[in-house]
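Read top to bottom, the protein sequences are chains A and B. Using our numbering, the first residue of the first sequence is number 1, and each one after it goes up by one. Using our numbering, the first residue of the second sequence is number 1, and each one after it goes up by one.
Since the hints were made in silico from the structure, they are not lab data. In this text, a Cβ means the ideal position worked out from N, Cα and C, and glycines have one as well. Be a bit skeptical, because a hint or two may be false.
Sample of chain B residues lacking proximity to chain A, with all beta carbon distances greater than 12 angstroms (derived) [as the list claims (entries may be wrong)]:
(1) 96
(2) 221
(3) 259
(4) 284
Okay, derived cross-link-like pairs now, EDC-like style, lysine to aspartate or glutamate, Cα gap no bigger than 20 angstroms in a straight line [unchecked claim]:
(5) 301(A) <-> 247(B)
(6) 192(B) <-> 207(A)
(7) 301(A) <-> 246(B)
(8) 170(B) <-> 221(B)
(9) 83(A) <-> 122(A)
(10) 192(B) <-> 186(A)
(11) 170(B) <-> 90(A)
(12) 334(A) <-> 74(B)
(13) 334(A) <-> 247(B)
(14) 112(B) <-> 187(A)
(15) 112(B) <-> 186(A)
(16) 170(B) <-> 194(A)
(17) 61(B) <-> 46(B)
(18) 250(A) <-> 192(A)
(19) 83(A) <-> 145(A)
(20) 192(B) <-> 221(A)
(21) 206(B) <-> 246(B)
(22) 112(B) <-> 221(A)
(23) 112(B) <-> 192(A)
(24) 255(B) <-> 194(A)
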Amino acid sequence: MTSESNNSGSNKGTVIALAIGAVTVLLVVIGTVWPSQSALANGGSYVPFLASFSSSPEGAVNGLLGKIGRHDFASAYDDLANKSQFTEPDFERDLNGTYASLRTYAALTGFDVYPQHSSADDAKIRVNLHWSSVVGGFSDVRDLDVTKSGDQWRVAWPVVLEAKVPPQVIPVNYLRWDVIYRGAGDDWGSQDVEAPHVRIIDMHPIDRGGSVVVLGEILNEDTVPAFVTVKSSLLAKNGSVIATEDAFDKISHLLLPKQVTPFRIDFRGVAMSQVDSIRMDPSSSLIAASADPVIEIENQKLSPLPNSSLSGELLNQSGQVANIAHVLGTFYDKSGHLVWVSDEYTNRALLPQIPLPFTVALPPDLAGQVATYRVVTSTYISSPQ
Amino acid sequence: MNRCSAILLGLAVAVAPLMAQTSAVQIPKTVSAGSSFSIGTTGSGDATLYIVGPGGAFERKVQLGNQVEFGPSDITTAGHYSMFVVSSSSTESAQFDVVASSAPASISFLAKPSRLPVSLHNGISGVAYVFDIYRNLILQPTPVTFQLSSAEHTPQSRTETTRDGVAWIKLDSPASAGSTQFDAAAGDVIAKRVIEEVPGEACNLKMSAHGSGQRIVLQTEPVRDCSGNAVPDGTVVTFTETYNGEETTADVPLKRGIATTDMPLHAGAVISVAAGVATGNEVRWGAGQ
Numbered sequence: 001m002t003s004e005s006n007n008s009g010s011n012k013g014t015v016i017a018l019a020i021g022a023v024t025v026l027l028v029v030i031g032t033v034w035p036s037q038s039a040l041a042n043g044g045s046y047v048p049f050l051a052s053f054s055s056s057p058e059g060a061v062n063g064l065l066g067k068i069g070r071h072d073f074a075s076a077y078d079d080l081a082n083k084s085q086f087t088e089p090d091f092e093r094d095l096n097g098t099y100a101s102l103r104t105y106a107a108l109t110g111f112d113v114y115p116q117h118s119s120a121d122d123a124k125i126r127v128n129l130h131w132s133s134v135v136g137g138f139s140d141v142r143d144l145d146v147t148k149s150g151d152q153w154r155v156a157w158p159v160v161l162e163a164k165v166p167p168q169v170i171p172v173n174y175l176r177w178d179v180i181y182r183g184a185g186d187d188w189g190s191q192d193v194e195a196p197h198v199r200i201i202d203m204h205p206i207d208r209g210g211s212v213v214v215l216g217e218i219l220n221e222d223t224v225p226a227f228v229t230v231k232s233s234l235l236a237k238n239g240s241v242i243a244t245e246d247a248f249d250k251i252s253h254l255l256l257p258k259q260v261t262p263f264r265i266d267f268r269g270v271a272m273s274q275v276d277s278i279r280m281d282p283s284s285s286l287i288a289a290s291a292d293p294v295i296e297i298e299n300q301k302l303s304p305l306p307n308s309s310l311s312g313e314l315l316n317q318s319g320q321v322a323n324i325a326h327v328l329g330t331f332y333d334k335s336g337h338l339v340w341v342s343d344e345y346t347n348r349a350l351l352p353q354i355p356l357p358f359t360v361a362l363p364p365d366l367a368g369q370v371a372t373y374r375v376v377t378s379t380y381i382s383s384p385q
Numbered sequence: 001m002n003r004c005s006a007i008l009l010g011l012a013v014a015v016a017p018l019m020a021q022t023s024a025v026q027i028p029k030t031v032s033a034g035s036s037f038s039i040g041t042t043g044s045g046d047a048t049l050y051i052v053g054p055g056g057a058f059e060r061k062v063q064l065g066n067q068v069e070f071g072p073s074d075i076t077t078a079g080h081y082s083m084f085v086v087s088s089s090s091t092e093s094a095q096f097d098v099v100a101s102s103a104p105a106s107i108s109f110l111a112k113p114s115r116l117p118v119s120l121h122n123g124i125s126g127v128a129y130v131f132d133i134y135r136n137l138i139l140q141p142t143p144v145t146f147q148l149s150s151a152e153h154t155p156q157s158r159t160e161t162t163r164d165g166v167a168w169i170k171l172d173s174p175a176s177a178g179s180t181q182f183d184a185a186a187g188d189v190i191a192k193r194v195i196e197e198v199p200g201e202a203c204n205l206k207m208s209a210h211g212s213g214q215r216i217v218l219q220t221e222p223v224r225d226c227s228g229n230a231v232p233d234g235t236v237v238t239f240t241e242t243y244n245g246e247e248t249t250a251d252v253p254l255k256r257g258i259a260t261t262d263m264p265l266h267a268g269a270v271i272s273v274a275a276g277v278a279t280g281n282e283v284r285w286g287a288g289q
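So that you can see chain B by itself, here it is in the shape it has in the complex (with noise of 0.2 angstroms):
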């Protein structure tokens, strides 16, 4: 727009709730995004339409009688758009607004947290935002079903229907550990996202201990939770060896589900084991052994 156009429409947009309204120009009062429409216009001569909206001004040429035509590509943005038909003698204007599309084309998916521990109620949220595909909010309410689903597990799925233009919903973590996939879909449209279920502490920590040479070879059973999922690997496991007042550690991740790692051997030696706040049994390691 030029800054004579702009002049013109401060001018337009000052003087219009200064004259009557004689609805000398025929608008639909919604439009949908991205589609054709047509303004009607009475009289003669030439004037100039501009369109004023969160889209952005628009000024057109026209001729007072005809119709004024508008593209598809034309107004894109959904709001409340005013129009000022000025001409050398009057200046007619109308309001009219655009609405979203209502087919779904993307959705803006929070979900929360990334990681959570099983059986966690209400644990997880969802919030979905659907768009159209000229990225404007839809606001009429839309169905959008929520899924929570893995291998290990018989999926969770609701629908919900957008309330201005967003759904939302709470879900409780499963209660075997995993990952889990989290799904928002409306119309053909699908979100993904990845939520972790970890299990809890370590639970019922048993180790053993057996002789090889000058060392003792300690190993862990499989570290599970108190709900018998498996402890992620990489939890640290301490061994801890006390012997004639010394004391041997060694702080070792779990691989494959088991900790194991090797001391030195010495009779009479005590050895114990623990993961995080959990603690496990404890060897004496014997002359005889």
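Same shape as in the complex, but just chain A (with noise of 0.2 angstroms):
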């Protein structure tokens, strides 16, 4: 009885093994001959004779993308109709950025295609590039022209070529601050420099979709420039903390004097319902810091829905490139109340003198009752040039 049901387990054990293995080799088929979008993206290893790419518009866009995705460029490059128009290097400065961009460091993780005409010859095809940052994805918009040559479909890439400043000399009076702190061998009566004074100007929490979310706007009163955080506790009718949230990058962390920034400070999950009162935290620090670049933020202009927006274009007074700029926006009523803060990262380099458009998004069910706004922009420089 013990050594036939002892063999009765073998057998079904060898069952479900068998079972798994053929799932697993069925499972691994199925994703090589139909591979995602999202796969084709981002593997490591292109498979051509399974993907016929070239034989429909779609196709060749998808083949297209995919090459690009897995930073193929040359190969991508190769495929193009209109490669005669510009350089290797100018396609591959469009997708990957220069200048140590965020667009350098970004991932395509994927990608939407809408045929918009399709005839026997050509084609017309809008692809929704998604990429991924640290900071977050953008995606990039491109409208493709296909058209047939043989029995091959190619792709005509619409190149965005990276406007170029005529050399020159740009004279900057450079202004920067800084900081001897007090040392370790000091001794305790040495005395230190103080951090700067900063203060929240402007505080107003809303209900956003069931959470709370805090808005307000702090200012560094001082005549150094300050590195600022804020912190926001939610605290019960009991006193006890629900939740402590800090703005994280919903906020401009270096203000030189008389500088303003908003900042927002998401609580995801906790109802307003719940909350009696707020404590604010901010800080401030002092800071080594530069007064340069400048930048102007030309032609601002809200757009209104469905797609409601805050759009202009950053342009860098300096000579020096600014890696990755982040613009906030900041939206008030007519009463001037604070209605919303939301912030865009630019995904090209801001080079001296070259516009370089941004768009901050502004939820549509809020549209309404923006009456005015403000935009600041702070960069990230790598290293000086």
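Please assemble the complex out of the two chains, which come individually in their own frames, going by the hints.
Now the structure itself:
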């Protein structure tokens, strides 16, 4: 009886193992023959004999974007119909960015293909490329012309050529602050430099999708630059802390004297009804900082629904390349009350004197309340040029 | 001190209060820290001398009837000390104080704040602790001279005498902006601090504009507070151009007292300037300009 029972269990195990193996092989085959777009974008190897990409307009686009996703720019460039119009480095700079911009470190995580028009010899296809970066994702919409050449379809890439500034010398009166702190070996009576004085000049909690969002603005009222952070704690009626969050990157951390930054603190999953009071905890510290580069924000305008947003152009007035620019938009109602704070990182480097467009999203349901706005920007520079 | 000595010392301390004080040892009531002194003993035979106080515990074999000599480096820490002479037949005890040397050797100087507005009454405070060369707080009244000086104004100077080793002062911040040296001096010793007087908000902010190709060049006059002090470089001045429902803004830090930028040239554009809470003049760029 015992021996039979053991044989029966052993047979069942073999059957299960064989079944798992068969299902695994089946899934591998399915995934290889019909790969998803994201897999194509991220795949480390390309299997040309399994996917005849260039036999249709969509196939040609999918094939091209797959190569771009794998950073196989040379092969992608070879496939283009209009490669005589620009060089391969131009093509690569368009997609990969320059000067260590956000785009340089971003990965193509997927794309959407929208056929707009198609005939026997040409087609127009809109693609939405989804890039991911350390500060979130961004999209890149391109309209592609696809033409048939022989029995193959080829994509004409609408390259965005990098604007260039003529060689020149831009004089800059460089202004920066350095800080000498109290040393470890100093006497206990040695005076240390004081932290900058900062003040929250506005704070306004709102209920947003069942969660609490704290909006506000903070001013550096001192005469030295400040590195600021804002932390907020939601308190229940009994005084206990429900949650504590900080503004993370929804703030411009470096404030020059008399400069104001908005901040936004999101408390996901905490309902306004739970909250009795809010404790704000701004902090500041001295920081060695530079007053440059000065970034002008040109042609700011609000776009109405359905794509409510605030757009404009950043213009770097200095001669120094800013690798990444962070744009913060503050939106107010007619009474001057804060309505929303949102931000965007530019995915291309901010080159001297070259306008760079930006768009800061505004939630559609709040668009009707917005009467005025204010835009601030901060830049990240990897190393002096 | 070895374990045996410690036990002996403990026993000596324990029995000392029970014993009659015969003052068989002669010791000065006060000794200056870091000075030589001697302790006289009476009687004969061997004994062990213990001294216990803030500077530690000392043990020395002595011959009763002789003077026990201490050098300058033996006791340098000020405070109240107890002394025991333990022999086979008796234990003698005495108390004495080690006081700081009266010559100041260092000052711990707390000056607050490091930055403050100009012309602030009693805005600057200074507290000086005076120490001797062995870092003992000098409790004897000692004059400390506080002085606030800069190139722009006549120095403010006042002398305060320490109480229990501490002297303090409150001073008005000068009317002119800039860095001020704040000193505390006792004897030949001086401690220096730097206090920065900062101007107030910008006042009477004015800018001018002129066309340059397709751009308008905007420049403020030297930005000053209402007392005429130059607002510090780095202070942000915001230029705003409004035209046809669109805005162009630039946050420009002051450099050498002025802020300058350029913006797109549009006939009919309105340009304003502000720094902190101060708003300046407005320029309407006409078609003919």
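Outcome of the hint check:
no.: 1; hint: 96; verdict: holds, 29 angstroms
no.: 2; hint: 221; verdict: holds, 17 angstroms
no.: 3; hint: 259; verdict: violated, 9 angstroms
no.: 4; hint: 284; verdict: holds, 19 angstroms
no.: 5; hint: 301(A) <-> 247(B); verdict: holds, 7 angstroms
no.: 6; hint: 192(B) <-> 207(A); verdict: violated, 54 angstroms
no.: 7; hint: 301(A) <-> 246(B); verdict: holds, 5 angstroms
no.: 8; hint: 170(B) <-> 221(B); verdict: violated, 36 angstroms
no.: 9; hint: 83(A) <-> 122(A); verdict: holds, 17 angstroms
no.: 10; hint: 192(B) <-> 186(A); verdict: holds, 13 angstroms
no.: 11; hint: 170(B) <-> 90(A); verdict: violated, 67 angstroms
no.: 12; hint: 334(A) <-> 74(B); verdict: violated, 79 angstroms
no.: 13; hint: 334(A) <-> 247(B); verdict: holds, 17 angstroms
no.: 14; hint: 112(B) <-> 187(A); verdict: holds, 16 angstroms
no.: 15; hint: 112(B) <-> 186(A); verdict: holds, 17 angstroms
no.: 16; hint: 170(B) <-> 194(A); verdict: holds, 19 angstroms
no.: 17; hint: 61(B) <-> 46(B); verdict: holds, 7 angstroms
no.: 18; hint: 250(A) <-> 192(A); verdict: violated, 30 angstroms
no.: 19; hint: 83(A) <-> 145(A); verdict: holds, 13 angstroms
no.: 20; hint: 192(B) <-> 221(A); verdict: violated, 27 angstroms
no.: 21; hint: 206(B) <-> 246(B); verdict: violated, 23 angstroms
no.: 22; hint: 112(B) <-> 221(A); verdict: holds, 18 angstroms
no.: 23; hint: 112(B) <-> 192(A); verdict: holds, 9 angstroms
no.: 24; hint: 255(B) <-> 194(A); verdict: violated, 23 angstroms
In terms of the numbered hints stated before, the structure departs from hints 3, 6, 8, 11, 12, 18, 20, 21, 24, listed from lowest to highest.
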